[in-house]
Each structure stands twice: as C-alpha cells, then as structure tokens.
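*Asks:* Please arrange chains W and R on chain P, whose structure you already have, making use of the hints.
Letter by letter, the chains look like this.
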Amino acid sequence: MQERELRDLIADVKTGRLSRRSFVQQMIAVGLTAPMAGMMLAQSGVAMAQTTFPYKPTKAGGGGLLKLLYWQAVTLLNPHFAIGTKDQEGSRIFYEPLAGWDAEGNLVPALAAEIPSKENDGLAEDGRSVVWKLKRGVKWHDGKPFTADDVVFTWEYARNPETAAVSIASYKDVKVEKIDDFTVRVVFAKPTPYWADAFVGNYGPILPKHVFADYIGSKSREAPANLKPVGTGAYMFVDFKPGDMVLAKRNPDYHVPNRPQFDTLEVKGGGDAVSAARAVLQTGEYDYAWNMQVEDEILLRLEAAGKGKVTITPSGNVEFIQLNATDPWTEVDGERASVKTKHPLFSDPAVRQAIGLLIDRTSIEKFIYGRTGTATANFLNNPERFRSKNTKFEFNIEKANAILEAAGWKKGADGIRAKDGKALKFVYQTSINAPRQKTQAIIKQACQKAGIDVELKSVVASVFFSSDTANPDTYPHFYCDAQMYNTTMPQPDPQLFMNQYVSWQIANKENKWQGRNICRWQNKEYDELYKQAEQELDAVKRAAMYIKLNDMVVGDNYIQPIAARSRVSAVKGGVTAHFSGWDNDLWQLANWYREA
Amino acid sequence: MAVASIGILTLLTAAVLFGPLIWRIPINEIDFTARLAHPSWDHPFGTDDLGQDLLARMLYGGRISLAVGFAAMAVAIIVGVLIGAIAGISRGSVDAALMWITDLFLALPQLPLLLLVIYLFRDFLKNWVGAEGGVFILIVLVIGAFRWMPVARLVRAQFLSLREKEFVEAARALGATTPRLVIRHILPNSLGPVIVAGTIDVAAAIIAESTLSFLGLGFPPDIPTWGRLLFDAKDYLDIAPHWALFAGAAIFLTVLTINFIGDGLRDALDPRRVM
Amino acid sequence: MGKYILRRLTIALPSLLGISVILFVLLALAPGDPFGELATNSNIPPEVAAALRVKFGIDDPIYIRYLRWLAAMLQGDWGFSFASRIDVDQLILQRVPTTLFVVGSSQILALAVALPVGVYAAMRPYSIFDQIANTFAFVGFSLPTFFTGLLLILVFSVNLGWLPFVYRADIAATGWQWAWEYFKQAIMPISVLGLFQAASYTRYVRSAVLDVIRLDYVTTARSKGLNEGKVVIKHVVRNALIPVVTLVALQMPAVFGGAIVTEQIFRIPGIGSLLISAILANDTPVIMAVTFVFACLVVLFNLLADIIYGWLDPRISYR
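Chains as they are written, first to last, in the working numbering: chain P, 7 to 602; chain W, 80 to 354; chain R, 71 to 389.
Since no wrong hints were added, every one of them can be taken at face value.
Okay, derived cross-link-like pairs now, DSSO-like style, lysine-lysine, Cα gap no bigger than 30 Å in a straight line:
| # | chain 1 | residue 1 | chain 2 | residue 2 |
| --- | --- | --- | --- | --- |
| 1 | R | Lys254 | P | Lys247 |
| 2 | P | Lys428 | P | Lys405 |
| 3 | P | Lys450 | W | Lys313 |
| 4 | R | Lys254 | P | Lys313 |
| 5 | P | Lys315 | R | Lys254 |
| 6 | W | Lys313 | P | Lys463 |
| 7 | W | Lys244 | R | Lys73 |
| 8 | W | Lys313 | R | Lys254 |
| 9 | P | Lys313 | W | Lys313 |
| 10 | W | Lys313 | P | Lys315 |
| 11 | P | Lys141 | P | Lys215 |
| 12 | W | Lys313 | P | Lys372 |
| 13 | R | Lys254 | P | Lys255 |
Honestly, the hints are just simulated from the structure, not real lab data.
In isolation and in its complexed conformation, chain P is listed as follows:
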C-alpha cells in the first residue's frame, strides 16, 4: 500500500465513505496497529471519536462481588514493574493512566480532562511537545488530591535507571514540565509524530508522589506500596497474596459518577487455561477469565453450556514461522547460525516458496485456532491481494512439489528430496503449547507429502523465551532451521517492532543474542528505508514506509505468517465488560457491570 492509497483511504474516512472501524481494520491487516491508525487520522484532521461505553446501572455500588480468574497469577502490583501482562492487569485495577487506547485507535481519557489535539492547542505545531490537561477533583485512595506533581513525579520515577522500571523506554527521552496544578507539558528531544506514549496505556499509570517519593531509584524495591497500591482507580486495595489472589473493594470517591457497580472484587490466579474457561463458561463460578489460549473446539463446546460467552478482541499478535537465513549446524568463530554462513536449504528461494505453499493455514485456522486466530492477510507480499476478501493463502502440495522438482530437488529412494547431496530435511522448533504442537503436526505431514522431512522439537516456554546466553535452545539463539512463535507488539508504535529485521540488530554472540533480528535476514534496502522512517514526521508517509518494510520481509518468504491471534477472554452471562486489543483487559473495569 503506497502513501497515495493511504491518503485516499483517509480522505474516504473524512468524507464518511469509509468507516473509521474499517479503516483501522485495514491498517491492522497491513501490519500496523490501531493506535497508529488513530494517530494517522488525527494528524490528517479526523478527530478522535468520543468513545462511550454502555453502562446501565444508575448508581455506584450494589453489584456484589466480581470474580476474575487469571491462569497466570498476579505477582506484583506496581504497574512500572509489571513484567508480564498479568501484572499489568493486576496493577490496572488500582492505577490509571492519563488515557488508554480503544479498539479503534481512539484515545480515551482516564485521568486526562481531554485528549490533546491541534484544536485545543494540546499539540505543538513542530511536533516537539504535547500538553495534557488533567482532570480536577480526582482523589487518591488515601484521600489526597491528584495533581500535576504526581504526573511529573511518575516521569522522574520511571526514567531513573536505578528504579529499573519496565516502562523506562517511554520516559527516558522526554522531559515533563508542570505548567500549573492541572496541566503538564511533555517535551520531546526531537519532533515526534507518535506523541501518546508516556502516561498512556499499559506503561502509563500515574503513581502518587506522596506515597512513592521516598522510594525512587535504588530504593524502589522497598516501597510498601509495591504490594499495597494507592491509586485513583475504581477499586481500592484490600489484600494481596503474590502468585495467588488480589482483593479490592469499591472506591466510594471514584471520579466518574455512578461507577463502579461492584462492591468487591476478587482476582484469583493460577491453574491452566482450559479449567479457567470451565470455571466461567461451564460452572459459572467466575465472572471473567483472562487469555483463553485454548483450542476453539473446546471453547465452543464449553460455551454450549450457556453459562457464559467467549469474547474475541482483535490485536496485533501474529503467529508465524521463521526460516533461518544462516546455517545453524555449522560453527563459525564460536557461534552457530553465524551471519557468515548461508542456510544450506533455505538459501534456495524455491524451497522457501514451497514451504509457504505447504502451510495449510485454512485448516490451522479452522481446526486449531478457530475464532481465536484467523489466517491472516498481514505480512502479505502482494498488497493488492488482501484488499480482495476472497484471497486466501494458498495451500497446494502439488504446486510445492512442482516447484521443488523444477528447482532440481529430486526424490530419493526414501521419498525425501535431495539436491547436490543435501537432503531436504529440517528441524522445526517451537515452545510447548498444545495448539503449537498441533500446528507442527499439520505442517510436518504436508511437508512429508512434498518429500520434505521435518523433525519436530519443542522447548519448554520458560527456556525458549529466555535470554540465557548460555542456552542454545532459546529463540534468540535460533540454533535450528525453523521456529514458530507469536510476535507481540508491546508498544503500539511499530518503530521498535520493525527493527527486528535491520542488519545492525542481528542476534549474535557479540551482542549476547540480545539483537532483535533473530531470523538473521538482511537487506540493504530495508535498512535504508528503516532509517528514513525513523526521521519521518508525516504520520501517513511513515505508515506507508512501515507497510513497505513489512512487505519486503515477507516477500522474501523467510517469514511465514500463520494466523493473526486475537485476545480471547471468557465472560459470564449477564456481565458486560469492555475490551480493547490495544490496552489491558481491565482498562475499563470501572464500566463493567452485571445485569440480573
């Protein structure tokens, strides 16, 4: 998709010919994020929509107990230390950011009085600063007022490397100034098109200065409030047992009228996803269960009990296979998969193309992920194709056979193809997770029919997704021919995400495999364009560049997307919850309610 087309689409949104929602969906389809699409529209003069959430109760309280079930238990309650999503969720019960992202890329104010825009003079013309107006009359759970000092403090807290906050990247390159008690200005070091990062979403919750002031920097770990949060949220802290449960009660002074409905809140953790689904969908013991990574087949059967429903929220996550561009079995200068080597099989484009044809995405979608993961148009090599709703990925064993045959890979006596003495055999690894093992089985079988022998390997997730430099089984080492996992975009802005294919980010021994380019794919053109995009101020031009970068990677067939995975949660009947794929599940907890 070129810049022109993007501008046309935006024009269509402006005139109302294209809905905001379908525009956002198309942007997601080309690998961008909803927040970025929202930013693009905002910069082009399409104001963000005022999102309202249906809320029926006419008064706060009276809703009884709300029971939430997380199969990974919350381990800490400071949003700036939250390593995993589960901890972000737990912290979000008590703390609020200035604003969050809805499903369609709109910013929704929480502690902000309004969303900055050019119209309200919130955004500087030069793109170097943004002014946030804060909501008045907000009180912390201990009764102290919320002011600009807290916002400035949160910035000081998070940007201090000694604090070791996980949110540091959002705060270290900005400066935050207090204009008056209810106005702050965020100043960027250079013109920044993506301005809604600090104080927004997952990493944005504001901490109370009067509680944390003595615990900044290296003393941060001693703060009692790390375990006993004092926030501004709709629920107040009662009790917390790390790795087990969180208890909270209604905040009677919540800053939004008539909210929240529930009197108490319980978050229970642990166990496995399937039984969590049972507890909501089949027995109704719980009101909500988080992250249902369960085969859709099971979810459908559990839903049939009629006690609850599965909610599916599109997000930016893509399950994909990486083919190694380097040779993982030859050691050069003390490391395998060195960039000085070429993969003996995958360096042949015909092999990569054939493998692309052997991934039965339709069946994987239909029989494994179902509603929870759709065979995706994302990462497509031909931008024309995804506009047609009918185009699907091709699964064609005959064609794969023909391509391999034509490229000189001939079948041997054992049915395995070979060329120049190299047999078409490869090892395919992934983390241990039932849907992944089934995907492996499906792909292995198709490859077998095309004369490719695949050896499957699975590594326990805590090892696979670790950064242990000594262990060859981690995914950044990629000491294997092919591997499969799920990309996540921790930040809505794709700039950091796209650096995973630039040549200076290649994971190797020298950088202790901390480099983000794991596939070791290199392309000069990509590097150049990436650098250009970093400098680009125009949101639309920048988006077009990222789309092109995406296409370059996938067009070379080293990256094989399989399914766009959605965020899935289970909600008990009668309970209304509001989700967004671009923020935590509990981001609108204040607006949840139950109907009798």
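*Replies:* Positioned in the frame of chain P, the structure of chains W and R alone reads:
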C-alpha cells in the same frame, strides 16, 4: 493368576511389536473429516482432535511406553537395592555417606534439574547414539535417577531389621560369609517392598515419560506414547472420553499384570510360602 | 541412643551445607534467567536489563553468589524474589498453612485407608477382599493425579455442581459457614492426593504384613495359642511398620513441599504452586529457599525414621 498375567503381558508386548505391521494406518495421518470420532470399524479406538487413528497411535506409542516403563523401573530397582543393601549391611560411615546421597537426590528440585540435563546432554547423546537411542537412554536414566531413593531406604530399613533376626544370626553362627548372608538370607526376605516398588515404578515411569516429553526432554512431541495420549486427552475428557480410556486402560493392564507376576515370583521364591 | 542422635545431628549440619552447595550450583547452571522476559521486550533498553542484573548480582561468579546467599541465610534473610519484588520468607509463609492443611490431611487420609485395608488384605491373601483392594490400588497408581483430578472436577463440579473447583484461601464467610465452604473446596484435592498415596501405601502395607506373617516367630506366637488379634497387633503390625515408617518419612517433606500437579489443578495457593511458578519464571531465590527448606525436612525426617526403627524393633542396634 501369575500365569494368566504373563499371557496378557506377552499379548500386550506382541501387540505393540507386531501390531503396527497389521494395523497399517499411519500414526500421523491427519483426517479433519473424522475428528474426535468415537470408536468404529474404521477406527476401533476412535480418533483424536486432528482425526489421527488412536489404535495406530496406541500400538506405536506402546513400544516406547513399555520399553521406558520396564527399563526405568529396572534402573530404579537395581540402583535402589544396591545402595540400600550396601548401606544396610555396612553401617557406619558408608551408611552415612550413602544416605547422604539419598537425601540429596530426594531434595533435588526435579524440574530445574531436568532442564539442566536436557541442556547439557541432549545434543551430546543425539550425536553419539542417534536421536531415538539417545533420547531413550536419557529418559530411562533420568526417570531411574529420580525413583531409586525410596527403594534404597526401604531395602536399608529391611536390612537393619532382618540382619538381627534369629535365622540370620543362625546362618552367621554357622559361618556364612557376608555376601552369602546377604544374597541367600537377607535379600530374599526384603524383596516384598521391592516388588511393590517395582510395579509402582513401571506405572510412574510411563506417566513420567509423558511429563518429560512435555518438557521437551522426551521424544519429539509427535510421538504418541501412552502417557502423552493421556495428557493430550485430558482436556477432552467430557467431549471424547474414548481418547483417554484406551491409554489409561493400557497402563492399568500393564501395571496389573506386572503386579501379579511379581506376587507370583515372590511366592515361588519364598521357601516359607503361605499355606 | 542419645549419643547416637547427637552424632547424627552433628553430621546433619555439614551434610545440609553440602546439599545447599549442590542445589545452588545446580540452580545457577540450569537454563533460563529471571529477566528473560525483559530482554525480549522491545520496550526495555538493554541498559536497564543490565542494570537490573547488576542490582540483583546475577552476573557474579557462582561462589560469590553462594557465599552471599549463605551469609544472608545465616542472618535469617531468605532472599528477595525477582518476580514479586518482595522478601522470600513472606512469600513462603503465606503459603505454608494451606499446604500443611491440604497435603497433611491427604497424608492422614492415605494412612487411614491404607493401614486397615493393607493389613486386612494381607491376613487373607487372595481372598475377594484382597482382590478388590488390589484392583483399586492398581487403578489408583495407574492414573496420574492430573487425570483423576480432572475426572473428579468433571463429575462433581461440572455435572453434579456440588463442589467448587477453584480453591480460595480467603473465604469471606465466618463460623460454620466458613468451615463448610472450606471443607467443600478441600474434599476433591485431598481425596485425589490421599487416594493416590493410599493406593501405593496399601500395596506396601499388604506386602510388609505378608512378609512378617510368614516369619518364624509369628508362627511361634500363633502356636503358643495367642489369639489372632493379639498376634496381629503386637507382633505383625509392629514389625511390618518398618517399611511404612520409611515411606511416611519419605512423604512427610512433601507436606511442606506441596503437590505441584494437584495444586495446579485446583488452584491451591500452596508451596508447590509457588515453586512451579518460581521455576517457570526462573525466580531463583524462591526456588532456592523452598528447595533448601525441603532438603532440611528430608534430612530431618529420614533421621527420625532411623530413630523410630530402633523403637519398633529394639534389636536394631546403632553403632
């Protein structure tokens, strides 16, 4: 009972050895049209959620499960009896040292240790013995290494008590050497708990194998051992009970027969058998 | 006897120290590191990850880390959890009561079932009662707890709707209501664990009693005309208890260590689930603390078993 059990066990072994030659559906033939099919003539044991034939998978996986079960049990029992017997008969510092090792093994956290073993030895063994053989040796050793301690402590306790009994004293007075005392008099009388431990260990090893393969230490994830079938089937227990039924029954049958054979063996070996 | 215990206790200290060295080295070498998730998160600059590693001293040589751990442990400082960022002892203490209750009750249940059934079965070997008891025992240990636990959930929670299957340590009710709720949620996990344990205990008890019944002195006692019940209690069971004591001593540390699988299935906030989540998050201080306490208990209970042997069979001499 013992004779009938030997018959059944032989039958089971023959089935997993030769079954795949007769029942020729490939174990990984995916058939989406027959997902979670209940037992029928086409699929006597039904199919799993990818439409793979469970009978074929059971037969194939049974080879590994049975082999791992018996081999790991043998390792655990041999090591356990050896250490327990030596500790029980020698006492003093040898006993203290051996019991220290036993305590150490009991205290080791299994999961981190397993991950360490995988990481240190998998590639090494794969290169030297080949993929399947290497994994087999590794699994048997690992399961054996985690299960010998109860046997050792049981045997030692028996030894401590038996060595002071009249018949042993009598034999000693008659001038029997220590090895002879152990082999002829004490050991046969302490076999009771060993046989029980042996039967429990076969079942435990078959199940442990599935846990190991789940951790990536065992056979590749697409090899359907009995323990693994049971594990995969658990989430479908209410939807497709047949999936778990046959694997569970196979493990049960194996345990049952080994037990009866063990009982029979002991009765046959024991000079003072029950009237 | 007193001298013997004293000697054993003095050996126990260095042997525990040795075990702690091995545990520590093992955990240090085991793959995975506590900040893995940080390194793979593009939002966190490498400097921060590096600063965290320095702060927690992860990159120091193993022996320095061990000495640091030992010094802290001797002062009663159990370490600091990477994942929860709180002190490890706090984390463990929260879990102890639940674990003691659930695993402890299951052990009691196991013994309460296994002792009478095993003894009775052994007194009438190959009778109908014996056959039935054996068959149940075989089913018991052929089926792993992950399976039986799920089966019970499906029957009692899903189909019948009688029992909850999510274990909550914080039941809001009070008095009888509280006790009833607690009892309801504990039935399934305790039965799963207890019956699994009972299955193997039964077999051991039966075999031990069978062994003793055949011994000469029992026959002698019988021939002296002592009545059957007295023989059984006084001579048989007491002697047969030796293997049982051994087994119970082997299992007792688990009462603290928890039962990983069962705790996962029923979401019991016990030590087992703490340990497994610490392992999965590579939270080494927690793993080290739990395994070390576990090791102490292993040594302690095995020592106790040795002492009880002497009481059960006075002829066992300690030299």
